[in-house]
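Enquirer: Modelling step: build the complete structure from the supplied sequences, incorporating the hints.
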Amino acid sequence: MWAANAAEVGAALFPAVTFLLAGLLATGIGTGYGTTIAFVTLVFPAGLLLGTNPILLFGAILSGAVFGDNLAPVSDTTIVSAVTQDADIGGVVASRVKYAVAAAVPAFAAFLIAGATMTTTDPAAGSGVTAGAAWGLLHLIPVAIVIGTAIRGRHIVEAVSWGLFTAFVLNVMLGYFDLVDVGVSDVLVFMAPESGLVTALDTAPLIGAVIETVPAGEAGVGGSLYNGAVGFFPLIVLTLLIVAGAQIMRQGGGFEALQRWLLDTVATTVRRAEVTMVLGTAMVNAMVTINTAAEIAIAPYIRTLGRRFNINGYRRANILDANTSALGYIFPWGGGVLAGYSAMQTLPDEYGWFTVDMVVNPAAVFPYVFHGWFLVAVFLIAAVTGFGREYVSDRESEEVSRV
Amino acid sequence: MSRFDAFLAGFEFRTATPQYEPGDELPVIITGRDGDDALVRIGDTRLRLPDTDVAVDDEVRIRVTAFDADDATGEAELL
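Note that the protein sequences, when read in sequence, are chains A and B.
Take 501 as the starting number for the first sequence in this note's numbering and just add one per residue.
Take 23 as the starting number for the second sequence in this note's numbering and just add one per residue.
FYI, nobody ran anything at the bench for these hints, they're computed from the structure.
Mixed in with the good hints there might be a few duds.
[Said to hold, decoys possible] Which chain A residues stay away from chain B? Per the calculated CB distances, all over 10 Å, these:
no., residue
1, P554
2, A594
3, V784
4, D857
[Claimed, not checked] Short derived list, chain A residues pointing at chain B, Cβ under 7 Å:
no., residue
5, G591
6, S595
7, A757
8, R760
9, L762
10, D764
11, T768
12, V770
13, R772
14, F809
15, T885
16, G886
17, F887
18, R889
19, E890
20, Y891
Glycine included, each C-beta is placed from N, C-alpha and C at the ideal position.
Expert: Okay, here's the thing in structure tokens:
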């Protein structure tokens, strides 16, 4: 809010600027879901206060997430696309900039035009919020630390850990000075039924900050650190099941049969093969909620189809990742859309002026995820025209560097 | 390849039928077999490696020995 006011970004420009900033953040931190949640929680309310159309603004946030998920070297989809197609991550990212920019330029223009023409809401009057505080930008420090550490070549787990540590210290300090409503127990808390030991620990210095006494039925662990990790368990289990299912299909001959049918009847020329790769990836991602899992499921088909036409690893990885990134944030059941929607549902509790009516229906946003649609379109055009196509004989992908 | 070149690589409309000349040496993936011959398909260009004992999906280097540009077909040998 403070930055928007300082830059005098109006309601009409706000979606386009949000797309750029969300794209930058997502490219830096590598998680489109995280970017969506952060922007829905922090930037979305600010946009509504300025009077921006909420559906368009949500579409801009999701578009930024698509951009970053597609391009970020530390994005899970980027890593899966490179590793499954035997290509190095640096080369994959460099080779996909041309497609990302070709989609982002018209998407940015579309947000400018839609921002200027679509009806805006009345700026949330009587909210009592007229300006944010400059210290809100301090929240960018942990993000900068993650990006900086990752760029210096540290392992991604280490980079994210430093970001988490900094965010923890920063938020607890801001909470201590009453600038935000965050305490240590919001980050991590052990809730135990009352007993002599628990009461002693609860009142102890330091350790007492993460211990709470609760009625017996409510015992458990909580806090954002714990909830964030728990949130990933469904993805882990789903990925394991998909990998197991794919392996069973491979051993049983189903994979081979489907591949043979595709090669004999559908993918008979290189153009048709690439169009099949684009549409196949899009179709699987349209059906599976979590896009990384969908990507793992379709990756072996892309690999075999592409290799049958000597299409090199970079091109295969780009076709695979672009459509994975795009479709995961378009349809109402896509993981990215749902992550944003879930975050949005917490806003009425957070801000008194934010009414339930302001929450965007996930089914309404799909036409406005401009960057996602343009990215799919760019790849369909690229498959038909040969734009960006590279054969193994043109350039061999370098050895995979596993992060 | 420099870092900058990596961004520009592939920035073109690449043909579906890449052309080669006798003497060209290139890395390829074996894409099929026809009796004793190995087949290499690069886009819609087809190269035949007569009497070559390699398996489908093997990554090898070949030398083009004959090429018909009109047909986008040719012959090659294993290096």
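Enquirer: Each hint: holds or not?
Expert: Checked hints:
Non-interface status of P554 of chain A relative to chain B is upheld: no Cβ of that chain comes within 10 Å, the nearest being about 37 Å off. Interface exclusion of A594 of chain A from chain B breaks down, the closest Cβ pair being 4 Å apart, not more than 10 Å. The beta carbon of V784 of chain A sits about 23 Å from the closest Cβ of chain B, which is more than 10 Å, so the claim that it is off the interface holds. Chain B leaves D857 of chain A outside its interface by the beta-carbon criterion, the shortest separation being 46 Å against a cut-off of 10 Å.
Among the interface hints, the one on G591 of chain A holds; its C-beta lies about 6 Å from the nearest C-beta in chain B, closer than the 7 Å criterion. This hint holds: S595 of chain A has a C-beta 6 Å from the nearest C-beta of chain B, less than the 7 Å allowed. At a threshold of 7 Å, the smallest CB-CB gap from A757 of chain A to chain B is about 16 Å, leaving the interface hint violated. For R760 of chain A, the suggested interface contact is broken, since its CB lies about 12 Å from the closest CB of chain B, more than 7 Å.
For L762 of chain A, the suggested interface contact is broken, since its CB lies about 14 Å from the closest CB of chain B, more than 7 Å. Below 7 Å, beta-carbon pairs count as interface contacts, and D764 of chain A has none with chain B, the closest being about 12 Å; its hint is therefore violated. Here the hint on T768 of chain A is broken, as its CB sits about 9 Å from the closest CB of chain B, past 7 Å. A least Cβ separation of about 4 Å between V770 of chain A and chain B falls short of the 7 Å threshold, and the interface hint therefore holds.
Taking 7 Å as the C-beta cut-off, the interface hint given for R772 of chain A is violated, the closest approach to chain B being about 10 Å. Proximity of F809 of chain A to chain B holds as hinted, the smallest CB-CB distance being about 6 Å (cut-off 7 Å). Against a cut-off of 7 Å between C-beta atoms, the interface hint on T885 of chain A holds, since the closest Cβ of chain B lies about 5 Å away. Given hint, G886 of chain A at the interface with chain B, holds; its Cβ is 5 Å from that chain's nearest Cβ, closer than 7 Å.
For F887 of chain A, the suggested interface contact is upheld, since its CB lies about 5 Å from the closest CB of chain B, less than 7 Å. Because the closest C-beta pair between R889 of chain A and chain B is about 4 Å apart, less than 7 Å, the hint holds. The closest approach between the C-beta of E890 of chain A and any C-beta of chain B is roughly 4 Å, which is under the 7 Å cut-off, so the hint is satisfied. With its C-beta approaching chain B no nearer than about 5 Å, Y891 of chain A sits inside the 7 Å limit, and its interface hint holds.
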